[in-house]
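Trainee: The residues making up each chain are set out below.
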Amino acid sequence: MKNNYVNFLVGLFVLFGIGALVFMSITIGGASVSNSGNYTLVAKFENSSGLKEGAFVEMSGVRVGLIQSINYDPQAYESVVKISLDNEITVPDDSIASIRTSGIIGDRFVKISTGGSEVNMADGEEFIETESSISIEELISKYMFSQDK
Amino acid sequence: MVKPIITVEHLFAQYGDTHVLKDVNLEVNPGEILVVMGGSGSGKSTLLNHMLGLKTPTSGTIMIDGVNIFTAKNKQLRNLRKKMGVAFQGGALLSSLTVADNVRLPLEHNTSLDTQTIDIMVRMKLELMNMAGTGHLMPSELSGGMLKRAGLARAVIMDPKLLFFDEPSAGLDPTTAVELDELILTLRDAMNMTIVVVTHELESVFKIADRVVVLFAGEVVANGTVDEIRNSPDERIQNMINRQPNTQRDDGEVYLNRLLNKDKN
Amino acid sequence: MNALFNSVSNLGAATRKNIDSIGLATLFLLRIVSSLFTGLVSFKQVIKQIYFIGNRSLIVIIVAALFTGMVVALQFYDTLVRFGSVDLLGSAVALSLIKELGPVMTALMVIARVGSATCSEIGIMRNEQQFDALDCMAINSYRYVMLPRLLAALFCVPMLTAVFDLVGIGGGYIVGVHIQGESPGAYIQGVMDTISFKDVLVGQIKSLVFGLFIMWIPLYYGFYLHLNQKNMGAEGVSNGTTQAVVMSAIIMLFSDYIVSSLAL
Amino acid sequence: MNIEIETHNNYQVVKLYGEVDLSNSRSIKLDIIKLIKSKNNIIVDFTHLQYIDSSGMASLVEAFNEARENDTEFHIVGANGSPLQVLQLTRLNTVFNLADSVSAVSNNG
Numbered sequence: 001m002k003n004n005y006v007n008f009l010v011g012l013f014v015l016f017g018i019g020a021l022v023f024m025s026i027t028i029g030g031a032s033v034s035n036s037g038n039y040t041l042v043a044k045f046e047n048s049s050g051l052k053e054g055a056f057v058e059m060s061g062v063r064v065g066l067i068q069s070i071n072y073d074p075q076a077y078e079s080v081v082k083i084s085l086d087n088e089i090t091v092p093d094d095s096i097a098s099i100r101t102s103g104i105i106g107d108r109f110v111k112i113s114t115g116g117s118e119v120n121m122a123d124g125e126e127f128i129e130t131e132s133s134i135s136i137e138e139l140i141s142k143y144m145f146s147q148d149k
Numbered sequence: 001m002v003k004p005i006i007t008v009e010h011l012f013a014q015y016g017d018t019h020v021l022k023d024v025n026l027e028v029n030p031g032e033i034l035v036v037m038g039g040s041g042s043g044k045s046t047l048l049n050h051m052l053g054l055k056t057p058t059s060g061t062i063m064i065d066g067v068n069i070f071t072a073k074n075k076q077l078r079n080l081r082k083k084m085g086v087a088f089q090g091g092a093l094l095s096s097l098t099v100a101d102n103v104r105l106p107l108e109h110n111t112s113l114d115t116q117t118i119d120i121m122v123r124m125k126l127e128l129m130n131m132a133g134t135g136h137l138m139p140s141e142l143s144g145g146m147l148k149r150a151g152l153a154r155a156v157i158m159d160p161k162l163l164f165f166d167e168p169s170a171g172l173d174p175t176t177a178v179e180l181d182e183l184i185l186t187l188r189d190a191m192n193m194t195i196v197v198v199t200h201e202l203e204s205v206f207k208i209a210d211r212v213v214v215l216f217a218g219e220v221v222a223n224g225t226v227d228e229i230r231n232s233p234d235e236r237i238q239n240m241i242n243r244q245p246n247t248q249r250d251d252g253e254v255y256l257n258r259l260l261n262k263d264k265n
Numbered sequence: 001m002n003a004l005f006n007s008v009s010n011l012g013a014a015t016r017k018n019i020d021s022i023g024l025a026t027l028f029l030l031r032i033v034s035s036l037f038t039g040l041v042s043f044k045q046v047i048k049q050i051y052f053i054g055n056r057s058l059i060v061i062i063v064a065a066l067f068t069g070m071v072v073a074l075q076f077y078d079t080l081v082r083f084g085s086v087d088l089l090g091s092a093v094a095l096s097l098i099k100e101l102g103p104v105m106t107a108l109m110v111i112a113r114v115g116s117a118t119c120s121e122i123g124i125m126r127n128e129q130q131f132d133a134l135d136c137m138a139i140n141s142y143r144y145v146m147l148p149r150l151l152a153a154l155f156c157v158p159m160l161t162a163v164f165d166l167v168g169i170g171g172g173y174i175v176g177v178h179i180q181g182e183s184p185g186a187y188i189q190g191v192m193d194t195i196s197f198k199d200v201l202v203g204q205i206k207s208l209v210f211g212l213f214i215m216w217i218p219l220y221y222g223f224y225l226h227l228n229q230k231n232m233g234a235e236g237v238s239n240g241t242t243q244a245v246v247m248s249a250i251i252m253l254f255s256d257y258i259v260s261s262l263a264l
Numbered sequence: 001m002n003i004e005i006e007t008h009n010n011y012q013v014v015k016l017y018g019e020v021d022l023s024n025s026r027s028i029k030l031d032i033i034k035l036i037k038s039k040n041n042i043i044v045d046f047t048h049l050q051y052i053d054s055s056g057m058a059s060l061v062e063a064f065n066e067a068r069e070n071d072t073e074f075h076i077v078g079a080n081g082s083p084l085q086v087l088q089l090t091r092l093n094t095v096f097n098l099a100d101s102v103s104a105v106s107n108n109g
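Chains as they are written, first to last, in the numbering used here: chain A, 1 to 149; chain B, 1 to 265; chain C, 1 to 264; chain D, 1 to 109.
Incorrect hints may appear among the rest.
[As the list claims (entries may be wrong)] Below are the DMTMM-like pairs computed for lysine to aspartate or glutamate, each with C-alpha atoms no more than 20 Å apart in a straight line:
{"#": "1", "chain 1": "C", "residue 1": "K230", "chain 2": "B", "residue 2": "D17"}
{"#": "2", "chain 1": "C", "residue 1": "K17", "chain 2": "B", "residue 2": "D17"}
{"#": "3", "chain 1": "B", "residue 1": "K161", "chain 2": "C", "residue 2": "D135"}
{"#": "4", "chain 1": "B", "residue 1": "K83", "chain 2": "C", "residue 2": "D135"}
{"#": "5", "chain 1": "B", "residue 1": "K75", "chain 2": "C", "residue 2": "D132"}
{"#": "6", "chain 1": "A", "residue 1": "K44", "chain 2": "A", "residue 2": "E131"}
{"#": "7", "chain 1": "B", "residue 1": "K55", "chain 2": "C", "residue 2": "E128"}
{"#": "8", "chain 1": "A", "residue 1": "K44", "chain 2": "A", "residue 2": "D93"}
Hints in this document: simulated from the structure, not taken from any laboratory.
Chain A extracted, bound-state conformation (with noise of 0.2 Å):
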């Protein structure tokens, strides 16, 4: 009888735990049970400045991807910035990448801001048009030097 009550508790506990290791993993971690497939797009920026792997995505204030890869282009002196989505978002070949901030101290994150076009872009392709880091620094030293002047 004790003995059954202390299975019964240990049970319990089995329950609870493995419970809250699942909903840490997937709803707070996000990791995704049915992965339903990602796809991947490419930006060229000029500056990529500050922006890291693993960075956010977001279109419309929505986190929807995640930065692949950062790489440089030697030949065209670029950023190749990779960037992984998941294959239910869909985005207008005639968007805009941009590299922004949160908040004064926060990350670097890429925003796409969609355009008007009816057609997708597909698997690898890339963007025309992109938007470069604004430097702080380089916005403060341009305000302070205006001001000497």
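Take the given structure of chain A and dock chains B, C and D to it, following the hints.
Mentor: Just chains B, C and D now, with coordinates in the frame of chain A:
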């Protein structure tokens, strides 16, 4: 000539620089009760630990039932241990298990008997130890004597051929001690066990022993029947029997030096 | 000259002794793990240990997590408000809990509650010759006594960590939303968006590593009480327990750094 | 260890030879209980038994209990030497119905 069940040959043991056992030789014949007697520090516990295979000696061999326990393979040793029962000084019951669960432990791990059979065997052994109805108690609820008897019940649960008993009557009141001595004799007579008892209690030695081995400072100083030991001319044994201290008495200069801690140099 | 020689040779002796104990502890762990393959683990014992390590720690973990989450939220709020980035509160609390504070605080609570109790229990078993008795009964004490405790710790510590993380985030919510008046949506969104599965995984790997150390070390100190302590009695047990607790905490924090640096 | 089963009047006589110990007590118990389940009266013959350990004794206690539940008779006959001592040591001689020989039981019944 009976073949001995235990043979200890040229056993030496040392801890650090202290020689605890110096060339111990002895034999135990089947069906006899051998008492290893000695005061504290005589090395009798060390000898027991070596016979149980818990410690490895500096040199020497111990053969039990034809197996050299220091070179035996794990499996051989395990099979040998199923035929050996050990009752430890304080019972050595697992503190997290009830008395009954402690007693059934060897059966559960080493046999494939049905649970009901095991239950009956446990109750039979507790009954034999005069501990009927205590199976549900935890070791912490038992008195010293009961712990020893529960430990003995566990030691004999597999009906071993060979039983080791460490200090059966140490720390017990005289009545309980006598009861335990009776139990040891019964076990030998009814179950035909060979029993090795390690003790410093003279009364039980003379009562139960078929043969006595006297250890003194790691050496066997006598090995014989109870009467031979009683009549031994050895001064150390007579001192032990007459409860005289065995320490060397130095007087005068030597004593003064010892008090002043100068005898080292 | 002589004093110098002595102190150098003392250092040598101490080093040799420490290397010896590391070797012995490793051997000890190998014996426990290999006993897994030589026979059946007592399921009953594992359940008993899960009850002791898991269920009985749950309340203390929940209380500790609640206050940890609350104080972390309070401190972050005070910091973030100076940068005008209070909307990052949820992210900050969740990240620091899941990646660092959850595993470490849970491990510390388990060391205090389970590690000390285990070490003294095993030490007393050694004192009372219970391991000798198990040997003489041909029962493998590594499999019968040590393995269930190790398995239960490896199983329970990650779960307790998960509980700690969630309750801690809840505690942060109480401070952020109900006391400081941040919007509930911003807090929850911050938590949900910032944490990636990798963060959860790193936290869980940490707690698994901690679970190993915080059970292994007390078991080792208890089992080899007769080798490590001058005095086998009650004093030896209490010394051994103290050493085991201190050592578990230090090695746990050290391994925390190693795992963190490998994971980043 | 050997076991022989004979019919004697309305009794099944289970003759035990050699030694009963941990390795064979279970199979003996199962044999005897099978006989009891089919409503046989049992006589266990100890005459040629040299040794029986406590697992054997416990098995016989189980069989004895089974016999009582099935309202059949259960006797132990011819106990001598070490088995008799074990019976006395465990005080099971006060539990079982003991008799000297098979004929002493079967002729009365």
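Trainee: For every hint, state whether the structure bears it out.
Mentor: Now for the hints, and whether the structure bears them out:
{"no.": "1", "hint": "C/K230 / B/D17", "in the structure": "16 Å, holds"}
{"no.": "2", "hint": "C/K17 / B/D17", "in the structure": "18 Å, holds"}
{"no.": "3", "hint": "B/K161 / C/D135", "in the structure": "18 Å, holds"}
{"no.": "4", "hint": "B/K83 / C/D135", "in the structure": "13 Å, holds"}
{"no.": "5", "hint": "B/K75 / C/D132", "in the structure": "17 Å, holds"}
{"no.": "6", "hint": "A/K44 / A/E131", "in the structure": "9 Å, holds"}
{"no.": "7", "hint": "B/K55 / C/E128", "in the structure": "16 Å, holds"}
{"no.": "8", "hint": "A/K44 / A/D93", "in the structure": "15 Å, holds"}
Taken one by one, the earlier hints all hold for this structure without exception.
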